[in-house]
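Visitor: Take a look at the letters that make up each chain.
There are 2 protein chains.
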Amino acid sequence: MSDYLNELKLPNRILLGPGPSNVHPRVLQAMLSPMLGHLDPDFWPVLDQVRDMLCLVLGTTHNWTLPLPATGTAGMEAAFCNVVEPGDRVVIVVNGFFGGRMVEIASRCGADVQRIDVPWGQPVLPEIVAQALSAQSQVKAVGVVHAETSTGVLSPLQEIAQVVHHHDALLIVDAVTSLGGVELCMDEWDIDICYGASQKCLGAPPGLAPISLGPRAVEVLTQRKSPVQSLYLDMATLEDYWSESRRYHHTAPILMLYAFREALRLIMEEGLRQRWQRHAQTAAGLRAGLQALELELFAAPGYRLDPLTTIVVPENIDAAQVQRQLYHEYNIEIGGGLGDLQGKIWRIGLMGDSCKASNVLLVLSALEHILARQGYAEAHGAGVAAAQQILAVS
Amino acid sequence: MSDYLNELKLPNRILLGPGPSNVHPRVLQAMLSPMLGHLDPDFWPVLDQVRDMLCLVLGTTHNWTLPLPATGTAGMEAAFCNVVEPGDRVVIVVNGFFGGRMVEIASRCGADVQRIDVPWGQPVLPEIVAQALSAQSQVKAVGVVHAETSTGVLSPLQEIAQVVHHHDALLIVDAVTSLGGVELCMDEWDIDICYGASQKCLGAPPGLAPISLGPRAVEVLTQRKSPVQSLYLDMATLEDYWSESRRYHHTAPILMLYAFREALRLIMEEGLRQRWQRHAQTAAGLRAGLQALELELFAAPGYRLDPLTTIVVPENIDAAQVQRQLYHEYNIEIGGGLGDLQGKIWRIGLMGDSCKASNVLLVLSALEHILARQGYAEAHGAGVAAAQQILAVS
Numbered sequence: 000m001s002d003y004l005n006e007l008k009l010p011n012r013i014l015l016g017p018g019p020s021n022v023h024p025r026v027l028q029a030m031l032s033p034m035l036g037h038l039d040p041d042f043w044p045v046l047d048q049v050r051d052m053l054c055l056v057l058g059t060t061h062n063w064t065l066p067l068p069a070t071g072t073a074g075m076e077a078a079f080c081n082v083v084e085p086g087d088r089v090v091i092v093v094n095g096f097f098g099g100r101m102v103e104i105a106s107r108c109g110a111d112v113q114r115i116d117v118p119w120g121q122p123v124l125p126e127i128v129a130q131a132l133s134a135q136s137q138v139k140a141v142g143v144v145h146a147e148t149s150t151g152v153l154s155p156l157q158e159i160a161q162v163v164h165h166h167d168a169l170l171i172v173d174a175v176t177s178l179g180g181v182e183l184c185m186d187e188w189d190i191d192i193c194y195g196a197s198q199k200c201l202g203a204p205p206g207l208a209p210i211s212l213g214p215r216a217v218e219v220l221t222q223r224k225s226p227v228q229s230l231y232l233d234m235a236t237l238e239d240y241w242s243e244s245r246r247y248h249h250t251a252p253i254l255m256l257y258a259f260r261e262a263l264r265l266i267m268e269e270g271l272r273q274r275w276q277r278h279a280q281t282a283a284g285l286r287a288g289l290q291a292l293e294l295e296l297f298a299a300p301g302y303r304l305d306p307l308t309t310i311v312v313p314e315n316i317d318a319a320q321v322q323r324q325l326y327h328e329y330n331i332e333i334g335g336g337l338g339d340l341q342g343k344i345w346r347i348g349l350m351g352d353s354c355k356a357s358n359v360l361l362v363l364s365a366l367e368h369i370l371a372r373q374g375y376a377e378a379h380g381a382g383v384a385a386a387q388q389i390l391a392v393s
Numbered sequence: 000m001s002d003y004l005n006e007l008k009l010p011n012r013i014l015l016g017p018g019p020s021n022v023h024p025r026v027l028q029a030m031l032s033p034m035l036g037h038l039d040p041d042f043w044p045v046l047d048q049v050r051d052m053l054c055l056v057l058g059t060t061h062n063w064t065l066p067l068p069a070t071g072t073a074g075m076e077a078a079f080c081n082v083v084e085p086g087d088r089v090v091i092v093v094n095g096f097f098g099g100r101m102v103e104i105a106s107r108c109g110a111d112v113q114r115i116d117v118p119w120g121q122p123v124l125p126e127i128v129a130q131a132l133s134a135q136s137q138v139k140a141v142g143v144v145h146a147e148t149s150t151g152v153l154s155p156l157q158e159i160a161q162v163v164h165h166h167d168a169l170l171i172v173d174a175v176t177s178l179g180g181v182e183l184c185m186d187e188w189d190i191d192i193c194y195g196a197s198q199k200c201l202g203a204p205p206g207l208a209p210i211s212l213g214p215r216a217v218e219v220l221t222q223r224k225s226p227v228q229s230l231y232l233d234m235a236t237l238e239d240y241w242s243e244s245r246r247y248h249h250t251a252p253i254l255m256l257y258a259f260r261e262a263l264r265l266i267m268e269e270g271l272r273q274r275w276q277r278h279a280q281t282a283a284g285l286r287a288g289l290q291a292l293e294l295e296l297f298a299a300p301g302y303r304l305d306p307l308t309t310i311v312v313p314e315n316i317d318a319a320q321v322q323r324q325l326y327h328e329y330n331i332e333i334g335g336g337l338g339d340l341q342g343k344i345w346r347i348g349l350m351g352d353s354c355k356a357s358n359v360l361l362v363l364s365a366l367e368h369i370l371a372r373q374g375y376a377e378a379h380g381a382g383v384a385a386a387q388q389i390l391a392v393s
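Residue numbers (numbering that gives the first Met the number 0), protein chains in the order written: chain A, 0 to 393; chain B, 0 to 393.
Any given hint could be a false lead.
All copies of an identical chain are treated as equivalent in the list; a pair is satisfied when it fits inside any one copy or across any two copies.
With a Cα cut of at most 20 Å, we get these calculated EDC-like pairs of lysine to aspartate or glutamate [unchecked claim]:
1) Lys8 to Asp41
2) Lys8 to Asp47
3) Lys8 to Glu328
4) Lys139 to Glu218
5) Lys224 to Asp111
6) Lys343 to Glu314
7) Lys8 to Asp189
Bear in mind the hints are in silico, worked out from the structure with no lab data behind them.
Can you build the whole structure from these sequences, using the hints too?
Guide: Printed below as a string of structure tokens:
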């Protein structure tokens, strides 16, 4: 009870879980900038600059683009509650925990949800979406998770968007674990609503959920019959604050926006395509190392997500014990399985500032030694050697 | 467009508006502590300590007490959407902008809202609540704003709570501008739901909304027939993360929680009653100074809020111009009027770390000189002198 009397003493973790990722020192430094009020004209350029850079990262020129003052789950909630009215039919293809959460959230918006299940570890393919839409009439929206954080699977969005629009529905995309780390072009791919989170490949602290609505979504929103059930997440009222009218809606999380601006600046400096390439190459090094250790990857070949790699826990290995040892002996965080996958997979994230060759070598070396102690195989450095083959190129 | 290429260059404001307030350097420093994952066992003590201290600040021993990962408006939304089901009758007494927002939010939850209007600047009195409840049957909840941020009025909660419970309804209280700055004792006063915001008298950055549910509210929540319309703000699922089960609900805004913990520690060090007393005395100094300048206070006598003082803009004075001059010449932010009061009142906040004698003297001196230039009265330092009479005692 009296522990709060002490200063915080926390270990200096290397964050290789499903997020948050480590944050660049410049991002932390930005939070020490002078606090301004949310209606101070000197603060408004910060909003404009964040919006401009966020549009570039999302690949969109549309105005209704802003970071929600809340975390990624609020992004999902905003995506559905702004365009879905009670009774609207919504198709959600579920290939992991976050697809399941889409079903939950759309249902709480009063949607008539048609849930299509795909085995966890498999992608959402355009054929599955086409089949689902052919079996339904008057579908208002289709929800798809671009990068399933629970399974490490990437689904082919561009082809899915074509199918969805062929059936005159809106495409709602969860890009929480892809935005800033793998290719995603909202306008070119014709995505109607896309949301993400600040703390993964974007390299900012957790607390903001970027979201963007394309023209079809804005039209649906403006023609609603019932009000959006959440005032806090009502995009029209949020837009009133983010646009030139600067009408008060909420007290913006000022310091988080300073941090987010700096994280976006770092992306601009690196270049978006170079950043995707860095995530691809670093993940390739990790996968090569894991395969050299004869560890099985969980995600389907061809659909493996670069920012997050999933590994099947070998037989007779205590998954949680390995994670604890990584914490205590190496100060490394990796993720465990969510839902049915608890104890069955590990999740290694290489996102944002955490995505670098040195972290790959460290986690492979640590994992090899901890597994050896649990009797998996002797540690000879095979994982590190295989990873070096790929990473040395960079 | 290319402004984001530059580092942030922001003025060093003295924040005397309706929030955010200035933040103690230790609060900023805390945000530089090592980032941990939201499921890291080494992070959990932070959650426990925040909860323990928040309970002390709210004057409650009840468990369902936590800071929502969003701003104050989300606190209001959570308060209503967790206990109100479609069709439930809710009485809201509106004496300002935020009472009006309660009506809006409760309506979006599907409530049958009975709105009682009180002139802006006047308090919500127990008699008004009693009259409203006698005219209605089966009222599920009553919403009251403790400290109306739009008018600077404090309403007598304890007496209102008795009336509300006499009619078997729940009392929902907005304590956004009172929590940490004026007396508030959730258990002793028998408040069922109370929410606030991090960035005012609590002295943390904006981004979190503390909320607490008492036993009646928890019982109503657990006996609901329909799910809470927001998963993000569903207190039962949030509680699953904040309690020992530590079940994943959202990625906690780690750095904001470090900052909030440090702000709460500063309150513990100062003492809650001492802090209320500091806000009372500093505000008394400001009011004395304003009255010496013959400026009219907007809030009804006897119900004036210490953390936020409202002033009637004198005739022939351009309210916005005065605010701009305070920004540009003195680096001071004060607030203008919201809604119908735009251009008609100013709002001077003395909250958290911004609440100190030196700020009172500075803003009185600045205001006197700016008003003199607009022809209001010659500046002779009368405001500062009157304030000193009171502030010198401290």
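Visitor: Each of the hints needs a verdict: does it hold here or not?
Guide: Do the hints match the structure? See the list:
1. Lys8 to Asp41: Answer is between; shortest inter-copy Cα gap is 9 Å, intra-copy 36 Å.
2. Lys8 to Asp47: Between. Shortest inter-copy distance 15 Å satisfies the 20 Å Cα cut-off; intra-copy 37 Å does not.
3. Lys8 to Glu328: within (17 Å within a copy, 42 Å between copies)
4. Lys139 to Glu218: within (13 Å within a copy, 36 Å between copies)
5. Lys224 to Asp111: Both: 17 Å inside a chain and 18 Å across chains, each within 20 Å.
6. Lys343 to Glu314: within (9 Å within a copy, 72 Å between copies)
7. Lys8 to Asp189: Result: close neither inside a copy nor across copies, 47 Å intra and 37 Å inter.
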